[in-house]
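Enquirer: Once you've looked at the hints, dock chain B against the given chain A.
Chain by chain, the residues:
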Amino acid sequence: MTDSILEVRNLSTHFFTDDGEVKAVRGVSFSVAPGETLGIVGESGCGKSVTAMSVLGLVQRPGKVVGGEIMFKGSDLLKLSKEELRNIRGRDIAMIFQDPLSSLNPVLRVGFQIDEAMYAHDKIPKDQVETRGVDLLKQVRVSDAARRIKDFPHQFSGGMRQRAMIAMGLSNKPDLLIADEPTTALDVTVQAQILELLRDLNEQTGAAIILITHNLGVVAGLCKRVLVMYAGEIVEQGTVEQIFERPQHPYTWSLLRSVPRIDANRGHRLLSIEGLPPDLIDLPQGCKFNPRCPFRVERCFTESPLLEQVAPEQRAACWVTMERAYAEMGAGSITDTSPGAASGIHPTGRARPAVEVPVAMAEPVSD
Amino acid sequence: MTDTVVAPRPTVSPAVEPLLRVVDVVKHFSAGVGSSVKAVDGVSFDILPGETVGLVGESGCGKSTLGRMITQLIPVTSGEVVFDGVDITKLRGEKLRQQRKQLQMIFQDPYASLDPRMTVGDIIAEPLVNFRMIRGRAKDVRVQELLRTVGLNPYFNNRYPHEFSGGQRQRIGIARALALNPKLIICDEPVSALDVSIQAQIINLLEDLQREFELTYLFIAHDLSVVRHISNRVMVMYLGKICEVAPSEDLYTSQEHPYTRALLSSIPVPDPRIESKRRLVELSGEIPSPLNPPSGCRFHTRCPIAQVPGICADVEPQLELKGAGHLAACHFSDQVRTKIAVTI
Numbered sequence: 074m075t076d077s078i079l080e081v082r083n084l085s086t087h088f089f090t091d092d093g094e095v096k097a098v099r100g101v102s103f104s105v106a107p108g109e110t111l112g113i114v115g116e117s118g119c120g121k122s123v124t125a126m127s128v129l130g131l132v133q134r135p136g137k138v139v140g141g142e143i144m145f146k147g148s149d150l151l152k153l154s155k156e157e158l159r160n161i162r163g164r165d166i167a168m169i170f171q172d173p174l175s176s177l178n179p180v181l182r183v184g185f186q187i188d189e190a191m192y193a194h195d196k197i198p199k200d201q202v203e204t205r206g207v208d209l210l211k212q213v214r215v216s217d218a219a220r221r222i223k224d225f226p227h228q229f230s231g232g233m234r235q236r237a238m239i240a241m242g243l244s245n246k247p248d249l250l251i252a253d254e255p256t257t258a259l260d261v262t263v264q265a266q267i268l269e270l271l272r273d274l275n276e277q278t279g280a281a282i283i284l285i286t287h288n289l290g291v292v293a294g295l296c297k298r299v300l301v302m303y304a305g306e307i308v309e310q311g312t313v314e315q316i317f318e319r320p321q322h323p324y325t326w327s328l329l330r331s332v333p334r335i336d337a338n339r340g341h342r343l344l345s346i347e348g349l350p351p352d353l354i355d356l357p358q359g360c361k362f363n364p365r366c367p368f369r370v371e372r373c374f375t376e377s378p379l380l381e382q383v384a385p386e387q388r389a390a391c392w393v394t395m396e397r398a399y400a401e402m403g404a405g406s407i408t409d410t411s412p413g414a415a416s417g418i419h420p421t422g423r424a425r426p427a428v429e430v431p432v433a434m435a436e437p438v439s440d
Numbered sequence: 024m025t026d027t028v029v030a031p032r033p034t035v036s037p038a039v040e041p042l043l044r045v046v047d048v049v050k051h052f053s054a055g056v057g058s059s060v061k062a063v064d065g066v067s068f069d070i071l072p073g074e075t076v077g078l079v080g081e082s083g084c085g086k087s088t089l090g091r092m093i094t095q096l097i098p099v100t101s102g103e104v105v106f107d108g109v110d111i112t113k114l115r116g117e118k119l120r121q122q123r124k125q126l127q128m129i130f131q132d133p134y135a136s137l138d139p140r141m142t143v144g145d146i147i148a149e150p151l152v153n154f155r156m157i158r159g160r161a162k163d164v165r166v167q168e169l170l171r172t173v174g175l176n177p178y179f180n181n182r183y184p185h186e187f188s189g190g191q192r193q194r195i196g197i198a199r200a201l202a203l204n205p206k207l208i209i210c211d212e213p214v215s216a217l218d219v220s221i222q223a224q225i226i227n228l229l230e231d232l233q234r235e236f237e238l239t240y241l242f243i244a245h246d247l248s249v250v251r252h253i254s255n256r257v258m259v260m261y262l263g264k265i266c267e268v269a270p271s272e273d274l275y276t277s278q279e280h281p282y283t284r285a286l287l288s289s290i291p292v293p294d295p296r297i298e299s300k301r302r303l304v305e306l307s308g309e310i311p312s313p314l315n316p317p318s319g320c321r322f323h324t325r326c327p328i329a330q331v332p333g334i335c336a337d338v339e340p341q342l343e344l345k346g347a348g349h350l351a352a353c354h355f356s357d358q359v360r361t362k363i364a365v366t367i
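In order, the protein sequences belong to chains A and B.
Count the first sequence with my numbering and you get residues 74 to 440, in order.
Count the second sequence with my numbering and you get residues 24 to 367, in order.
Rather than coming from a laboratory, the hints here were simulated on the basis of the structure.
A hint or two may mislead.
[What the hints assert, rightly or not] Dumping the calculated DSS-like pairs for lysine-lysine here, alpha-carbon to alpha-carbon at most 30 Å:
{"id": "1", "chain 1": "B", "residue 1": "K124", "chain 2": "B", "residue 2": "K206"}
{"id": "2", "chain 1": "A", "residue 1": "K223", "chain 2": "A", "residue 2": "K211"}
{"id": "3", "chain 1": "B", "residue 1": "K124", "chain 2": "A", "residue 2": "K211"}
{"id": "4", "chain 1": "A", "residue 1": "K246", "chain 2": "B", "residue 2": "K300"}
{"id": "5", "chain 1": "A", "residue 1": "K211", "chain 2": "B", "residue 2": "K118"}
{"id": "6", "chain 1": "A", "residue 1": "K211", "chain 2": "A", "residue 2": "K155"}
{"id": "7", "chain 1": "A", "residue 1": "K297", "chain 2": "B", "residue 2": "K206"}
{"id": "8", "chain 1": "A", "residue 1": "K196", "chain 2": "A", "residue 2": "K211"}
{"id": "9", "chain 1": "A", "residue 1": "K137", "chain 2": "A", "residue 2": "K155"}
{"id": "10", "chain 1": "A", "residue 1": "K137", "chain 2": "A", "residue 2": "K199"}
{"id": "11", "chain 1": "B", "residue 1": "K206", "chain 2": "B", "residue 2": "K113"}
{"id": "12", "chain 1": "B", "residue 1": "K362", "chain 2": "B", "residue 2": "K300"}
Predicted model only: the values in this text are computed from it and were never measured.
If we strip away everything but chain A, and leave its shape as in the complex, we get (with noise of 0.2 Å):
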């Protein structure tokens, strides 16, 4: 992948708190095309959010990027210095946020603060920019946009202050743009506009998209390749088909049967995912999503599997594989979704509990 724009080579981002070191990210490589829409979907705490920090030089103390590489455009960014990647940030790679309001600045108006982005840069000629700012305005869809745009963000919607956002990302025409949760914080309907927003944005800008969520509709919509991140790992990559129509890993598998869809038959259980996601200062054996895993095997308390090819463009971390747990532990038709309910293996000398305590949740967390 040589043309691609963005290459994140092993990334470990870790916090070095007072209770331990939580490894948030650990050994994340991916790549991103020109104008491709990548979906990296996880749980909170996965290492989604922190991975994109990472990317834009956003880590603050106690984090610390702790190795790996972030290729863009021929440089890497983690050797930089401070002004070298501010030159970057907001120019070439935007990003915008979950919380459109905490975001914008309160006392000044939206029109000043999307100019702001414009004349930090030279991209733009300075003559120019009041101009682009209206448009970009236009451009995300905020109706009557000239008088709108001398607006304190109070004046704005929800929905709106969004749509101020992704117009201060696009102002200076970023090669890249980050989203993270963007449309978390809104109501249905205008979540539904805002992804519309960002497809079409997509097309005419040519603006490479990576959207963090852990909404899988909002990624099966708009990305065309999908990484699946658990305990600050890639667990499973693929095309958005392979994804959600053969997801090898069993997290991914079973993330995809535990929410209600709507276009679905009322009345089935949902297969829930048992346990809660590891503690990241003491991280499991072996792979991490053993102590919640229904197929687990032996090898998986031991021994971390890496991202193996398992079709073309799909790689899964897992030494069962759902392919293998629908022919031998019959996948299709499970209903215990306990750990290791499916392969019958449990860890060696401990018994699964008497009461009906699920095993990870024998231990409270602290956080």
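Expert: Quick look at chain B alone, frame taken from chain A:
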């Protein structure tokens, strides 16, 4: 505003006495001189014993206010809330307390709804202590039993809320709600603050508990997929009014109100093939202010099939029966499915 007209109540079977009957409840919050926020503006419905009724709508539609009025956490401006045969809006003090015993609530935020200075055991036992139901050793036994019921280790009773994750805290909140053997539980966004994999655990738990203890739920949420999954019937609310009530099976296949159709078309489905064909119902504009709701049908300012000027801006539609247990408040409900093309 509907003093004389009593809207028809969405009742499934008139033979069964409803456990909860809400009659034309209104909540207006005062917002300075001469103006008020019409958070809930004339809502009527029944809930039968053993039923799960879902209540969906976007933020600010009044769904949480409605839930809180049923438990009398917010007093009604007008209307009746008849629970188990007694209008609890007329009760005060000890009588209200006793009647409310069998009416419990589970809240959205499992961090804010548990007192951080109380042990989990004390939190769960508090309702028992308040009603002097049980003391001493028997109380501890009951707390442990409740912890086990919600899938937590019974010996966690001496721990504090901060030692638990969000999903575990929600289980604690559920145990507290179960302590007094309630008949009706109002679940106000019980899973929205939880991670995807934890949501399924809590939804399954609520379903199991309903079967085991013959509970009745009012399930309030903004996520229509979750609501439809758990509910027998779904009520859709818009700007302080119920615009459609339908059996869950019907809701996905036949919508009688344009707002419901728009809402359904907005929900992303985890399936790239469906998503690539998605066509949205574009709702124009934003949700109007409940300070000054639109005349006639409240949805007419954003409705793709509204006749404006005309009947939609002038006459407020009432909930009318459109099918078995299916009600909608729309002048043109027969055109909803033919005129609003969507892919859902």
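Enquirer: Compare the structure with each hint and give your call.
Expert: The hints, checked one at a time:
1. As the CA atoms of B:K124 and B:K206 are separated by approximately 9 Å, the hinted pair is consistent with the 30 Å bound.
2. With a CA separation close to 14 Å, the supplied pair A:K223 and A:K211 stays within the 30 Å bound.
3. For the suggested pair B:K124 and A:K211, the alpha carbons sit about 55 Å apart, so the restraint of at most 30 Å is broken.
4. Between the alpha carbons of A:K246 and B:K300 the distance comes to roughly 29 Å, so the proposed pair stays at or under 30 Å and holds.
5. For the hint linking A:K211 to B:K118, the alpha-carbon distance of about 59 Å lies beyond 30 Å, and the restraint is violated.
6. Pair hint A:K211 plus A:K155 does not hold up; C-alpha atoms about 33 Å apart against a cutoff of 30 Å.
7. For the proposed pair A:K297 and B:K206, the alpha carbon gap of about 48 Å is over 30 Å, so the pair is violated.
8. This hinted pair checks out: A:K196 and A:K211 have alpha carbons roughly 20 Å apart, not beyond 30 Å.
9. Among the hinted pairs, A:K137 with A:K155 is consistent with the structure: their alpha-carbon atoms are about 15 Å apart, no more than 30 Å.
10. With a CA separation close to 36 Å, the supplied pair A:K137 and A:K199 exceeds the 30 Å bound.
11. Using a Cα cut-off of 30 Å, the hinted pair B:K206 and B:K113 holds, with the two alpha carbons roughly 20 Å apart.
12. Between the alpha carbons of B:K362 and B:K300 the distance comes to roughly 18 Å, so the proposed pair stays at or under 30 Å and holds.
Of the numbered hints stated above, those contradicted by the structure are hints 3, 5, 6, 7 and 10, listed in ascending order.
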